[in-house]
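Visitor: Take a look at the letters that make up each chain.
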Amino acid sequence: MIWVVAALIFWAAMFWLNIRLSKSAQSHTRAVRLLVPAIFGITILVVWEGVVRGLNVPGVILPPPSAIAARISTSLPVLWADFVQTFVKGALSGYVIGCGAAVLVAVAIDRSPFLQKGLLPVGNFIAALPIIGTAPILVMWFGFDWQSKAAVVVVMVFFPVLVNTVQGLAAASAMQRDLMHTYSASYWQTLFKLRLPAAMPFIFNGLKIATTLALIGAIVAEFFGSPIKGMGFRISTEVGRLGLDMVWAEITVAALAGSAFYGLVAAMEKGVTFWHPSQRRS
Amino acid sequence: MSRALPVLTVVAAILALWYAAAVWMNATWTRDQAERAGVELSVSDILTDTMAQERPVLPAPHQVVTELWNTTARKKVTSKRSLVFHGWITLSATLLGFAIGTGAGILLAIGIVHNRAMDMSVMPWAIASQTIPILAIAPMIIVVLNSLGIQGLVPKAIISAYLSFFPVVVGMVKGLRSPDAMQLDLMRTYNASGRESFWKLRLPSSMPYLFTSLKIGIAASLVGAIVGELPTGAIRGLGARMLTGSYYGQTIQIWSALFAAAILAACLVGIVGVLQRVTLKRMGMDQ
Amino acid sequence: MTQTPVIQAQNLDLTFQTNDGPIHALKGVDLEIGKGEFVSFIGPSGCGKTTFLRVIAALEHPTGGTITVNGMTPDEARQKRAYGYVFQAAGLYPWRTIAGNIKLPLEIMGFSRAEQEERVKNVLQLVDLEGFGGKFPWQLSGGMQQRASIARALAFDADILLMDEPFGALDEIVRDHLNEQLLALWARTEKTIGFVTHSIPEAVYLSTKIVVMSPRPGRITDVIDSPLPRERPLDIRDTPEFLEVAHRVREGLRAGHAYD
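Protein chains in written order, with the working numbering: chain A, 1 to 282; chain B, 1001 to 1287; chain C, 2001 to 2260.
Hints are computed from structural coordinates only; laboratory data are not their basis. We put the CB at the ideal spot given by N, CA and C, even for glycine. Fair warning: there could be bad hints in the mix.
20 Å max Cα-Cα, derived EDC-like pairs, lysine to aspartate or glutamate [what the hints assert, rightly or not]: (1) K23(A) <-> E1067(B); (2) K2080(C) <-> D110(A); (3) K193(A) <-> E2117(C); (4) K2209(C) <-> E2244(C).
Quick partial rundown of chain A residues pointing at chain B, CB under 8 Å, derived from the structure [what the hints assert, rightly or not]: (5) F224; (6) L244; (7) V247; (8) L264.
Can you make the complete structure from the sequences, with help from the hints?
Guide: What follows is the structure in structure tokens.
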């Protein structure tokens, strides 16, 4: 019981601290902006630990954070192998192929207003569908190894990136196109000097959405069959064996990988579209 | 209706490609069979056979449509072989989860907009959570709740709720913050209370944002419910149909479940879209 | 003007087909513009002044009549890069620096690297923006952005400059300043300038020739050759000659509206 009480006291103290911090004069500084959510995160971990220990929640229902951390530190090689299998081989290769293909197709159909009119609604429609359902089919076609996971990722990221790129290519204003026209610029000159740069904010929007989809696709596809490694494989087998600390360890890795992947693409976006109003404020 | 022709053309092109791919991908099996039987096959034999295999690598569109028709209209809805039955199992979990997730999301968004401490502590995590493959915890939720004796609808609904929750929070916060300084100052000149400016300014101006997130949220809910059906070897629901289909190589069953899920998703998003148009039109926010 | 005109329009018609029926943007427009002239087009919105400028630039194509630019069709003239065009908004690319923006037409037209640098330096000086080449457009004021867009139009040294309400979005103090600079620039470069505006003082102050237009259908109602000297300090706007020309422009605008 002492654990639960301690956790509650800690929670109350941190709650009070966060209120003070957010009302303080320094609440707009970068440090406090990082500190407040960090305190909130730590509080959740502490309360979680306290409640699990205090109430003797069995580890097969909810392991405490300390047990998860211990599992992570003892299972690093396994986690690393799973990470390489799922993220590097499955998600990343699929992401690159899918996004690359989507941008190329968008540029290819750009010259035909007819195709654009037809493909855009169809693409939008498909982007809203539960594409993850193609996973069992693609696993059948491409086998259990990472190739099938990459294929699922390609299908998942393709349409959001396609739709965003097509929209982006239409983003250059009529005036800017007229300007290129007065220079007698060729189609390719207009594309590379005006329309692709102007499309970058849209393309990156699609690329950012695709990071999360890629990881989801690669993990869920492994539920339908995989070699004996991979994050999705580990999650589904450890869940079956009630090894929940390992499941949480994999989820931690997945969360870190997802955030880092997103952060990387966002940083690239910042470098490429530094000129866009949404990037200028900070 | 200048869009109908291009869209139909694209759809027709996809169908044509599909048929071509079906012939190409299924032909190997046809040739193998023929070789084993020692029969010479003409082109038309291959064509007809690839269109009508029982477990094709890629079923032809009409096979999927036939299967869909057989398993919806021609089976009793209570039958275990009716897609309407499986669809309803998935749909009910989706709707329950969506309602929970949306409700909780809107409440949290209101809290975030009105409480600075909450905003600063929770909002970064809500945004970060969108970059995390939350779906990965689905199997665990199912199994843990199962060991606690909770089965069936609720665990799947929780996953659905979880998936629709964060998009709604982020979109709703954006929406409640969308009134600009001038509009807020105007409310202040009327000496309006926080409650009044919430009901008369913030909430109405958040509607377009809310509906955009609702569309994302309901699609995510459906995905959540489907994935929630995968890990426990569930035997009911569209996800279970896909899984059993993939165990037994019943490709036509997988494809028909996939299409049922797609049709369901399209209907759900479509309904939200119609609600959006009607509501925004009534509020005069429709362009 | 005894030389051959730089721009010559005869009985020019342009009709847009819209869902609400045809719109006569230009009807029976006859006009000659000689080399080195500064011609303003003035009139209420819908009178076709911008459309006429766009026809000269081959951004629109007439449905009747003829027009030549330097003795060629507008399309040929465009391919020979006969003119620079300045739009209502600066329209600088936010992802390029000021210097990068000015280089844009030069890159497209295939100038050498060294020549690009040289020309950027010259035109920046011409519009009084030395030292700003490395800045991004959004780091500059509206007036400076518009000056940069004029520099961009000047960079490839076309002898015609077409300007579509270039200072319309700027406040009056900045506008006065830019008008003065534009006259100085015109005097130095001897370009032929076509200038669309809806400000009477601006038109009178800048132009050697003022074309008054009226809408429905878009047509020319008066062409005024300015008696003012080419050398024009800002306070010329208080002289009787200036006011007389302004008065005539105003009369012309009013005559265009006589039917309503």
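Visitor: Tell me the numbers of any earlier hints that the structure contravenes, in ascending order.
Guide: As far as the earlier hints go, 1, 2 and 8 are violated by this structure, in ascending order.
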